[in-house]
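Colleague: Assemble chain Y onto chain C, guided by the hints.
There are 2 protein chains.
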Amino acid sequence: MGKVIYKGNNCGFLCNKKIEEHQVSNFHTKKQTIVFDNPPSVIGRMSVVGAKEGQGPLGKYFHVVKTDDKNGEKTFEKAEIDMLYEALIGASECLPNKTADLDLIIAGDLLNQITSSSYVCREMNVPYLGIYSACSTMSESLAIASCMLNAGYFNNIACCTASHFATAERQYRYPLEYGCQRPPYAQWTATAAGCSILSADRTAPVVITQATFGKVVDFGVNDLNNMGAAMAPAAMNSMLAMFKDTNTMPKDYDLIITGDLGKLGSDILRDLMSEKGYFLGRNYIDCGSLLYDVTQNCYQGASGAGCSASAVNSYILDKIESGEYQNVAYFATGALMSTQSCYQGETIPCISHGVVFRRR
Amino acid sequence: MGKVIYKGNNCGFLCNKKIEEHQVSNFHTKKQTIVFDNPPSVIGRMSVVGAKEGQGPLGKYFHVVKTDDKNGEKTFEKAEIDMLYEALIGASECLPNKTADLDLIIAGDLLNQITSSSYVCREMNVPYLGIYSACSTMSESLAIASCMLNAGYFNNIACCTASHFATAERQYRYPLEYGCQRPPYAQWTATAAGCSILSADRTAPVVITQATFGKVVDFGVNDLNNMGAAMAPAAMNSMLAMFKDTNTMPKDYDLIITGDLGKLGSDILRDLMSEKGYFLGRNYIDCGSLLYDVTQNCYQGASGAGCSASAVNSYILDKIESGEYQNVAYFATGALMSTQSCYQGETIPCISHGVVFRRR
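Chains as they are written, first to last, in this note's numbering: chain C, 1 to 360; chain Y, 1 to 360.
Bound-form chain C, shown alone (with noise of 0.2 Å):
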């Protein structure tokens, strides 16, 4: 190769463009979907959530509901950890050998450092991939797990990912001690966790067919509370490579799922797409509108990386397994911010990673 000797000093600071239009004209210029020759089967799963999370709609779907948000430990980041640890071990379960049989674990959080993650997989003997898309995670996860075990790597590999309402709340906004306000845009950090175990298994009913990898995309908001309408063009990105990709409209699935726009944000979603020539029927959801129910307050839904992770590995595994739905396309979405970026005036920039579950 030739050596690149590029003596520069300064090539300024690009990051404060608004409303990237190239982003949106000029995206799709090379496949970013991988179609699975050997797709890899979901064999384990498993869902933790907090006592309001089983409250709501889902809760019956749900594997286990704690009824104390701290579950017996000293501090909120402890319990988030238990829950991860309980949802990994729990799906794990599948396994004949348990976590013993798992070749490696795929997983990220929302704290800093995705310390949850890494204390969880400290427990395990088994190698240990981090990662981070805020609460894209679980779909990353599953994406980069689908390409190890597509291409005969390994044979089992967990991917999970967990968040909480007051870990979150303290990190990105305000203790909840101070008892802040919240605007009416704002969602609620969904405290829970959520693993699947995927197998180069070639018998389990469900199995991954093709992730999307997705690119970043902002559009200049910069509210902290408005997470859903930071994150929807990061979702349509995603989702229109994935039809031009594979050649499918929205039509062509039972079900579409993103994991955490709320109410606003997927609202925000179906006018972009449509506005792009594909519409969003009846056959599109977002976990986020589907966690709490109007009389739990949270306003536009529920957010974090816990939230689809966990609605996924219950009510809309259940679904597919069941035969109710045969092919779910699932765009978890993720803002990329942190909180020292927006202290100093910088815009929300989000991804969106897809990943499609099949019936066999």
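What the hints contain is simulated information worked out from the structure, not anything from laboratory work.
Derived lysine-lysine pairs resembling DSSO-like cross-links, with alpha carbons at most 27 Å apart: (1) K30/C - K98/Y; (2) K30/Y - K98/C; (3) K31/Y - K276/Y; (4) K319/Y - K263/Y; (5) K98/C - K31/Y; (6) K98/C - K244/Y; (7) K244/C - K276/C; (8) K276/C - K31/C; (9) K244/Y - K31/Y; (10) K60/C - K263/C; (11) K244/C - K98/Y; (12) K263/Y - K276/Y; (13) K244/Y - K276/Y; (14) K98/C - K319/C; (15) K251/C - K263/C; (16) K276/C - K263/C; (17) K98/Y - K31/C; (18) K30/C - K251/C.
Over 10 Å on every C-beta distance to chain C, these chain Y residues come out as not near it, computed from the model: (19) P57; (20) P96; (21) N226; (22) G277; (23) Y278; (24) D293.
Just so it is clear, CB atoms sit at the ideal spot from N, CA and C, and this is done for glycine as well.
Modeller: Chain Y alone, transformed into the frame defined by chain C:
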């Protein structure tokens, strides 16, 4: 699949066991190393460093040396983004259509929510996988990218990371303005960025022949200044796995490099390895020990994700391309704590992912 029903309330917080002996004695149960049939090539690379790093022993090997740690920006965070951006753009010069020929970027960094990587990828019209394993991020990205390329999913993948002394100190310890004293076993976070372009191309002189996925190891260190001692056991764990998986010994490699153990940490690693019967001789070096000379008052040497990323993408790969080395094992090491977890009394879990570079 049989639905897992497991209704528990408190699985107990398992994270305060000190010195996980079982992690050592039973560490090696399954293969952690993937050997590639179609090893991907390193076709482009770039290193960008700060002034202090430019004055060190490797100064003449780096592609870009910045003279201003703020790079003309208002904040150190923006300067870190600039460095990473410049490394990515510079490395992509090897491709006919520059970054437009990239199929994927795999990146992460030390800042909360890996914002440096995400804000750089916002400027790119390329799918992005965010990863995190602290200072092991460079080798984690190379390992994942190699798996993806070996399987034929993509043609060109950029792997990159960065760190900055001022942003890391503010976030993990104290803002520089406080003028805090540093203990003699401290290391100095490198102001540096590195990027490698890996490709399915079969003609470039250097390939990645195998990747070893690390496990989380915690020997009970809880001093945020003593990173080398915390990380050495993780390096040992992954190195032993590679030697056993591939039936090799240290002498089978021209060079074995660790990321940023520093002088103290690399001495500990030598001791730990010799206890296990593997003697690291003159063919073992640590990038953290290389980056500064003794007159620069950096105590045990460099640390930070950018430390080994910049050294590998300049000095080390120069030497492999020139034929001085034929077969180099690279184990970057990462400490996975957050300030929050340490405030809450936790010890520091660590990880090390490894890859092997070979001259064709």
